[in-house]
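Protein sequence lines, in the order shown, are assigned to chains R and D.
Residues 1 to 287 (my numbering) are what the first sequence spells out, left to right.
Residues 1 to 362 (my numbering) are what the second sequence spells out, left to right.
Simulated from the structure, these hints should not be mistaken for lab results.
Where a beta carbon is used, it is the ideal one built from N, C-alpha and C, also for glycine.
Take these hints with a grain of salt, some might be off.
[Said to hold, decoys possible] Straight-line distance between alpha carbons at most 25 Å, and here's what the computed BS3-like set of lysine-lysine pairs gives:
id	chain 1	residue 1	chain 2	residue 2
1	R	Lys283	D	Lys135
2	D	Lys3	D	Lys135
3	R	Lys193	D	Lys184
4	R	Lys248	R	Lys193
5	D	Lys3	R	Lys204
6	D	Lys26	D	Lys119
7	D	Lys191	R	Lys206
8	D	Lys3	D	Lys136
9	D	Lys136	R	Lys206
[Stated by the list, open to error] Partial selection, computed: residues in chain D whose CB lies under 8 Å from chain R:
id	residue
10	Gln70
11	Thr74
12	Pro78
13	Ala84
14	Gln85
15	Phe89
16	Asn239
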Amino acid sequence: MKTENPRAWFLVLPVILLVAFNALIPLMTVVNYSVQETFGNNVFFWQGVDWFEQLLHSERFHAALGRQFLFTGIILAVEIPLGVAIALAMPRKGIWVPVCLILMALPLLIPWNVVGAMWNIFTLPDIGLMGYGLNHWLGIEYDMTQSPLAAWITIIVMDVWHWTSLVVLLAYAGLVSIPDAYYQAAEIDGASKWSVFRYIQLPKMKQVLTIAILLRFMDSFMIYTEPFVLTGGGPGNSTTLLSIDLVKVALGQFDLGPAAAMSLIYFAITLLVSWIFYTLMNKDAKD
Amino acid sequence: MAKIKLENIRHSYYPNPSNDDDFALKRVHFDWEDGGAYALLGPSGCGKTTLLNIISGLLVPSHGKLVFDQKDVTKLSPNDRNIAQVFQFPVIYDTMSVYDNLAFPLRNRGVDEAKIDVKVREISAMLEIDDMLNKKAAGLSPDNKQKISLGRGLVREDVNVIMFDEPLTVIDPHLKWKLRSKLKELHQKVKATMIYVTHDQTEALTFADQVVVMNFGQVLQVGSPQTLFDRPEHTFVGNFIGSPGMNILPAEVIDGQVWVAGCQIDVESKTTDLPEGKLEVGVRPEFVTLAEKGVPALVRNLMDVGRHKVLETLVGDKKVHVVLDEHQEVSADQVYLQFDPNSTRLYADGWLVDLHHELEGL
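For reference, chain D alone in the conformation it holds in the complex (with noise of 0.2 Å):
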């Protein structure tokens, strides 16, 4: 076990990167604190593999050190940083039985078989595989076999974390909800730091305590799912989290007052003493009511979805979603939106104003 940090990690896929664009990892400067169910969040293709592969060890970052506690691990292989990875498709190995599978990374570290027999057999009934260890792992279902990949991790003693790289991809629908739960059990009772890699919001933020939101190479934001919903830190958190996502209105600051669409409004966040960049309002649909007056908006569809209805409108070019309770009706073409003052926040460049957002060195 042990507190995991980041500092200063860049990594590009060029030999000879010139430009931001050539690095798969902008920067990335973060601690993962001992012990917590982290979840790594973003789109495909925005970084959160790379930065996998660099904890892991399968990856030498191109900048910056990795360091596990007090020591310096960023050049060690995998298998001498103590940890363990569950991939997209199960690996098992195929012609051996699931107990053998257990047992291939104590064997490997020339544990004796006593002990072996003991761990194995641990692990595999709190994995609630126990009554197939005897099987030949190529025959099991997909969701079993990933539990035996998770298994070869978890046999070993003190692993520093164990990392998930979009585990339930292969696994059925209504088998996924059930091996999630079985992870946040198995976090509870292993203690180990785990780190969690989805592109899906829904198994980021009921797996984690800590939710890192990532896009661009670079982590947006850590938080809480609860924090991360009130208080998005980047336009991109707000929109991707949350259904449907944050609205993104232009807005324009003038002597302190913000206004949208030719209507002054109030928010939240600071409106003096600004950062430079494009000006940006963002507001979550829960948070948007309709009135009498207020920013003027086209109805475009009315969406039942169950327990609310969706309002899409558009507030010029821009979708603008409200969310209505169930029993509101629309009748009108034009409505007036409200923005809830206290859940409303001006976006610089992406960034919240509030933030110091200094990206030294960039």
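Chain R with its partners taken away, still in its complex shape (with noise of 0.2 Å):
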């Protein structure tokens, strides 16, 4: 017999509140001003959903998204495979274990605008180690400032630096929970080195992983201060990444109304994406 008892809701309003407060009131208000156009002084005009109509017809909105897309796309292309590899040559057992996740930590505790500052000055042509390395001694022209290629290699490079970490240490995660017989069985059983990839690593990694391709979409499809700080979205707007391209809309040009649009649409984008990637990861599970 289960007993149910309708003040226990209590319990859960507190949580509620905090919901309501830190998510919920800030993303009506955004709501609210993506139907109203403002000319300042606190005065607002109804306007409907004009805003949302320009914008998806917007050749600016729909560039920034394609680079948004390349961009996010080029990451996890590189960063899962890559941490899955890295994943896979470190040490289960001994004193290297500890040695190699600390260093696997280490990038993850840099704050973004000092990622962003670092790779700034490392890549510059003239005193950066990176820069003036190409530049010097291997007698490659690089300036991200001028080549948008520079630049898109350079953001890339930052992030997988910044990030592959994050992916290493789930999969790592997934792989030390395999229990030895697995292995023992796959030996026994005449398994390449492959097929014990394929069919005992991969399959007991794979719950870790999605949490990892979710965490490391989300990441880079909203990333804005590491590109921000080290590209400003240049040259031209070869870099200017649909976070950048929101914060011109509503501090540089100070559109509130289209700006708080485009967040709904960008919000709308990444729940959708992420829901579509969950769903395929969870597919088979099920049946």
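If you follow the hints, you should be able to join the two separate chains into one complex; please do so.
The structure is reproduced here in structure tokens:
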């Protein structure tokens, strides 16, 4: 017999209040802005869905969104396999385990804007180690303030440096949870290294890899500080990702209405893609 | 199929073992006959899993040689030894179907699909899992998963030995019995050598023709369940097998006569020319009776275990169990015990005195 006590809901109340104040209410103010126009002085005019319509037909928005997907796509394609590969190569036992784990955790501890500033200096062609080295020692012309390709390569290398560790640590956690008997059985069954990876390690890592992919998708899709500090969105608009564009609209041009509409669309896309990822990756777990 | 010889196997997990205690396996020298059903019985930590891993090739022993028929396989990989092992927790390939799980060892060895199909169907019929061949292995119950891990061993032709490392640990009690008789039946069908590791004497005694009792990193006795019961060669074997186990009492031998608690008794063992060491007398509760005179004992407790009663008494500070028949009553606080001379034996330092048990080199 289950007894229900409706008063138990009071226990959830603090959480509801907390979520309301830190998520729902700010979100509602954004919704409020997105349907109005203001010229300052706290005077607002009703605008309906005009901002949304304009945005969906705006080439500037399409371009920023395209750059955003390109960036996130490259990040996932590089960091996930690289992270898994590093995790596979890490020792499972012995004194090198803590050494590797600490080395892996280090980049994760550095604040975003510091990472941006570090890489900015690191890549300066006249004094930065990498910038100077490439230009003067290797003879490769490299200046990310001039060349869009160089800027793209730099922000991707920076993100890989900063965040691959997260994938490594998650994948490693998945790997060490596999009991020895699985490897022993595979050895007795005559499985190749590839088969062990494909049929034992990968399936056992699936749960944590789902989390890794989701986290890396969300973080890279909403990335702002590092590329902003590094390139400022340039040269030209070549590295103006969605979030950088959003800040330009909201704070640079002070177009609160369009910026609010853009935020909502941005939010919806992030949510939608995360949901699709999650559903796809959990599909065969159910049947 | 092969006869497996363990030649003076010793193993230590330390790189530089300095004394005997550093060895997980002190010295094992023993032959497993081709086609036998063996049980490796011993308490946790006695070295039985180490021994199993040495036979399967997951461990290379620090000393000694392992020979399959005439071939030295000490350094060969598990794959090259052609053995099969079923682990304590079922190991299955989650993402594959039952069929693919069974076919996996054959596919790894490049067997052609038509042959695989025949073999997989034969084995799945034998294990009674043919109705779930197309299911995903991940969703099955533990006993079926264990059958699949066993099946992966059976599909291969001519496995030298199939080893079971406490395979029934995660199986429900009512299925344990069923699976155990299935194993016994399979042994008769496939005629492969089987080694069954367990710390449960019921499992060992029902499965095996020959039981290998291990403790302290060595083999204490090898024999049929009957031999282990009738004539334990070590007090540990006597105590570990049987419920309750053998009674062990300190003894003295004066002029060829055995004395226990100030009372002279007759034993089956020789009483002269004894080896060095602490002397003890061992007798099973089944061969102790109450009498008018004999070894004096204090009554502690009388337990009715169904078909018979077990009387717990104290001789000095040692517990002695006596099996009584169902209707017998005990009213006195003090009783006198008689030991059946044909089943009472003398042990020196744990070992039966009639053995010529020499551990050379130790």
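### Task
Assess, step by step, whether the Cα of Lys193/R is no farther than 25 Å from the Cα of Lys184/D, and give holds or violated.
Answer violated: Lys193/R to Lys184/D is near 35 Å, above 25 Å.
### Query
For the pair supplied as a hint, Lys191/D and Lys206/R, is the alpha-carbon distance within the 25 Å limit?
Violated - the C-alpha atoms of Lys206/R and Lys191/D are around 40 Å apart, more than 25 Å.
#### Entry: Residue hint Phe89/D, partner chain R, criterion CB-CB below 8 Å
At about 6 Å, which falls below the 8 Å cut-off, the nearest Cβ of chain R leaves the hint on Phe89/D intact, so it holds.
### Query
Holds or violated: Pro78/D as interface residue toward chain R, Cβ cutoff 8 Å?
holds (5 Å)
### Interface hint compliance - Asn239/D to chain R, C-beta minimum distance less than 8 Å
Constraint on Asn239/D not satisfied, violated at 31 Å.
### Message
Does the closest beta carbon of chain R sit nearer than 8 Å to the beta carbon of Gln85/D?
### Response
holds (5 Å)
### Task
Below or equal to 25 Å on CA atoms is what counts here, so check Lys26/D against Lys119/D.
violated (41 Å)
### Query
Keeping to a limit of 25 Å between CA atoms, is the pair of Lys3/D and Lys135/D held or broken?
Cα-Cα ~37 Å, so violated.
### Message
Run the distance test for Lys3/D versus Lys204/R: straight-line Cα separation, threshold 25 Å.
### Response
The given pair, whose Cα atoms are some 38 Å apart, is violated under the 25 Å limit.
### Task
Mind checking the alpha carbons of Lys283/R and Lys135/D for me, to see if they're no more than 25 Å apart?
Given pair Lys283/R, Lys135/D holds - Cα atoms ~16 Å apart, limit 25 Å.
### Query
Taking the closest Cβ pair, is Ala84/D under 8 Å from chain R?
Holds. Min distance 6 Å.
### Query
Is the interface hint for Gln70/D satisfied, with its Cβ closer than 8 Å to some Cβ of chain R?
violated (23 Å)
Going through the hint list in order, the structure does not satisfy hints 2, 3, 4, 5, 6, 7, 8, 10, 11, 16.
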